[in-house]
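Student: The lines below spell out each chain.
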Amino acid sequence: MFSRVLVANRGEIALRVMRSASALGWRTVAIHTDLDRAALHVRAADAAVRVESYLNAEAILAAAQKSEAQAIHPGYGFLSENPAFARACRDEGIVFVGPSPEAMALMGDKVAARQLAASVGVPTVPGTPEPVTEDAAAAKAAAAIGYPLLIKAAAGGGGKGMRAVRSAKELLPSLAQARSEAAASFGDGSVYLEKLVERPRHIEVQLFGDGTGRVEHLGERECSIQRRYQKVVEESPAPDLPDDVRRAMWRAAVDAASAAKYAGAGTIEFLYESSTQRFYFLEMNARLQVEHPVTEQVTGVDLVQAQLRLASGSPLDEALWGEAGGPIENPKSGDPRERVIQNPVHAIEARIYAEDPFNSWLPSTGTLGVVRESGGLGVRVDSACEPGQEVTVYYDPLLAKLIAWGRSRDEAIARLRRALDEYLLTGVRTSLPFHRWLVRDEAFLKADLSTAFIAERWRPDEVASAAPENQMHAAALVAAHAAAPGRLVVAPRTPPNGRAPLAGAAPSDSNWRRAARRDALR
Amino acid sequence: MKLSVTIGDRRLVVVLPDESGPAPSVDGAPVKADLVEVRPGLYSLVIDGRSYEVALDKVGSGADPTAPRELTAHAGGAVLDLAVEDERRRALAALQAKRSGSTAQGGATTIAAPMPGRVAGVPVKTGDAVERGQTLVVLEAMKMESALTAPHAGTVAEVLVQPGQTVQQRQPLLRLERST
Chain L
1 MFSRVLVANR
11 GEIALRVMRS
21 ASALGWRTVA
31 IHTDLDRAAL
41 HVRAADAAVR
51 VESYLNAEAI
61 LAAAQKSEAQ
71 AIHPGYGFLS
81 ENPAFARACR
91 DEGIVFVGPS
101 PEAMALMGDK
111 VAARQLAASV
121 GVPTVPGTPE
131 PVTEDAAAAK
141 AAAAIGYPLL
151 IKAAAGGGGK
161 GMRAVRSAKE
171 LLPSLAQARS
181 EAAASFGDGS
191 VYLEKLVERP
201 RHIEVQLFGD
211 GTGRVEHLGE
221 RECSIQRRYQ
231 KVVEESPAPD
241 LPDDVRRAMW
251 RAAVDAASAA
261 KYAGAGTIEF
271 LYESSTQRFY
281 FLEMNARLQV
291 EHPVTEQVTG
301 VDLVQAQLRL
311 ASGSPLDEAL
321 WGEAGGPIEN
331 PKSGDPRERV
341 IQNPVHAIEA
351 RIYAEDPFNS
361 WLPSTGTLGV
371 VRESGGLGVR
381 VDSACEPGQE
391 VTVYYDPLLA
401 KLIAWGRSRD
411 EAIARLRRAL
421 DEYLLTGVRT
431 SLPFHRWLVR
441 DEAFLKADLS
451 TAFIAERWRP
461 DEVASAAPEN
471 QMHAAALVAA
481 HAAAPGRLVV
491 APRTPPNGRA
501 PLAGAAPSDS
511 NWRRAARRDA
521 LR
Chain F
523 MKLSVTIGDR
533 RLVVVLPDES
543 GPAPSVDGAP
553 VKADLVEVRP
563 GLYSLVIDGR
573 SYEVALDKVG
583 SGADPTAPRE
593 LTAHAGGAVL
603 DLAVEDERRR
613 ALAALQAKRS
623 GSTAQGGATT
633 IAAPMPGRVA
643 GVPVKTGDAV
653 ERGQTLVVLE
663 AMKMESALTA
673 PHAGTVAEVL
683 VQPGQTVQQR
693 QPLLRLERST
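Chains L and F, in that order, give the protein sequences. What the first sequence shows, in the numbering used here, is residues 1 to 522, in sequence order. What the second sequence shows, in the numbering used here, is residues 523 to 702, in sequence order.
Incorrect hints may have been included.
As a list, the in silico DMTMM-like pairs of lysine to aspartate or glutamate whose alpha-carbon atoms are at most 20 Å apart [to be verified]:
| id | chain 1 | residue 1 | chain 2 | residue 2 |
| --- | --- | --- | --- | --- |
| 1 | F | 580 | L | 356 |
| 2 | L | 231 | L | 390 |
| 3 | F | 554 | L | 469 |
| 4 | L | 195 | L | 283 |
| 5 | L | 231 | L | 456 |
| 6 | F | 580 | L | 390 |
One side only, chain F facing chain L, incomplete, derived with CB under 10 Å [claimed, not checked]:
| id | residue |
| --- | --- |
| 7 | 523 |
| 8 | 531 |
| 9 | 535 |
| 10 | 537 |
| 11 | 546 |
| 12 | 555 |
| 13 | 567 |
| 14 | 601 |
| 15 | 606 |
| 16 | 637 |
| 17 | 638 |
| 18 | 640 |
| 19 | 684 |
Think of the hints as simulated: they come from the structure by calculation, not from any bench. All C-beta atoms, glycine included, are put in the ideal place defined by N, C-alpha and C.
Given only the sequences and the hints, what does the whole structure look like? Please build it.
Tutor: This is the structure in structure tokens:
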């Protein structure tokens, strides 16, 4: 067992990793840039080292050496899927909490990952295995794939560099345009073709392997509520999914990760086409994901602790289940790839971004004012927000994650609704108003989901003008008071026995102070 | 004291209590309000037994004492952009503007860059009448194009940038006057 881990990240995920490490009795080391010197994750750690940037591998390794950390947890983003960094850790004798550099590189290569999936019988989105260079070959491949299809830039990613083609006659002109756009945007005009799955659902399977080929699944997550290919809301289990499809996805995911001899936590993403009940391998993420808390609440597993235990030599079952006992055999089949958790709950996560959903989701910057996160039964908040904190454009706009769960999807939604209503975060624009609308939206309540959900249903202008009248009056009254203080009658905070109140009201509001002033003037 | 509070396209007149003046009211309806500032920027308000919580963010420098005070209010889960000014001053300015033939209501909203970037386009010009939600400036930043839209209906008072120009975060790009 290790005793010290360096967390190569910042914000809510750094804090979250440190919490699990501390609970295991380990010491934690934070890294921080100058901009983050006052950040909560620094104070939460036992040791802290300043670095130039969270992407500077040499500096991070040096920090690990200096602080005598035996392991580095990369969180997500930054260097978490950087095989060179994972390799450098290994070379320095520091344990990288994640898959091997080889498995990471394999899964990071989209083409290689698809080939691996296909080799174990996992369906992949029909497409050209390599970039198309000649028009004749492209037309032939397109005919085989069928329409509608997507032209994708090989050097693109994150949803960029894609162009839809709906019929054969559009193909060649679109190809020419796509090539020149790709060359201009990515410096590489190579494009390949892929079937366009209409209104797909994004469903992913959480996996955990031991590096020898043994892999367990921890259920699937529905992540269809996205904007610009970025997830905003996730839930588990995926609602309204036929059981045989669900089990087939688990089997496929386990088989693919197994073939890669994957170690640690990873996720395989699928596109699911409800109309045909077919699913296709999209890609594998060789790291812990942002939405992992949803799986933790459903299964009861602390995924970070599982990662840390596995990295320090625990066998798979002990790392995942500890003394709690693991999943049970699926009553529908004896297939070990289909084992299920006992007493699962339904969990939903709402990502709180510093973005304005009423203004094209533009990032919002500023200083946090009031930070009051939700609490109570069935609610978890992963956050490192504090009043006075600066939110800048230099880091990812994800501020916090709000997770709610219940014995049913309806109960989870009701709790999430309540938690969203009590969440108060001021100083920047956030996605909170979007979430408050979502948990009341008919299609969301019915689980009528697809990746087109936000584009089709979110109407910012309608929502903005629908603020309740009485709340507008309350806001107007308070704003008027703030603009002209001292004019509105303010209820005095009369202390019970004449002593000054512990949480003081503003000086002009206190009866006690007024009385004291009056006495002083006599 | 009478204050004009504008929220989007709505204007509410708030009358604050005064020894000499009329009874306090919001939008013409009398109110008996119990207001406490819990801590700076956070308020507890009880009106007719109903309990409200309102948090305020100040917006803008407030450098111009004649311009409306811009605030963002968080109330009941809604996030509302407000502008507060003296109602008499506002009415007078509107009257003067009407006499001189313009439709400006007085007080211009500044559209500022939310982040550093490059102006990709300005599809409006000075004097144009625009609707709420209409694109005023297209900004290219963080590898994507974003449309900055009008928070309320009005007239473009001043365009401060041109296409191709690089801008800083919070740099004023355009001023939009409210229309009557």
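Student: Hint by hint, where does the structure go against what was stated? Just the numbers, ascending.
Tutor: Numbers 2, 18, 19 - these are the hints that the structure violates, sorted from lowest upward.
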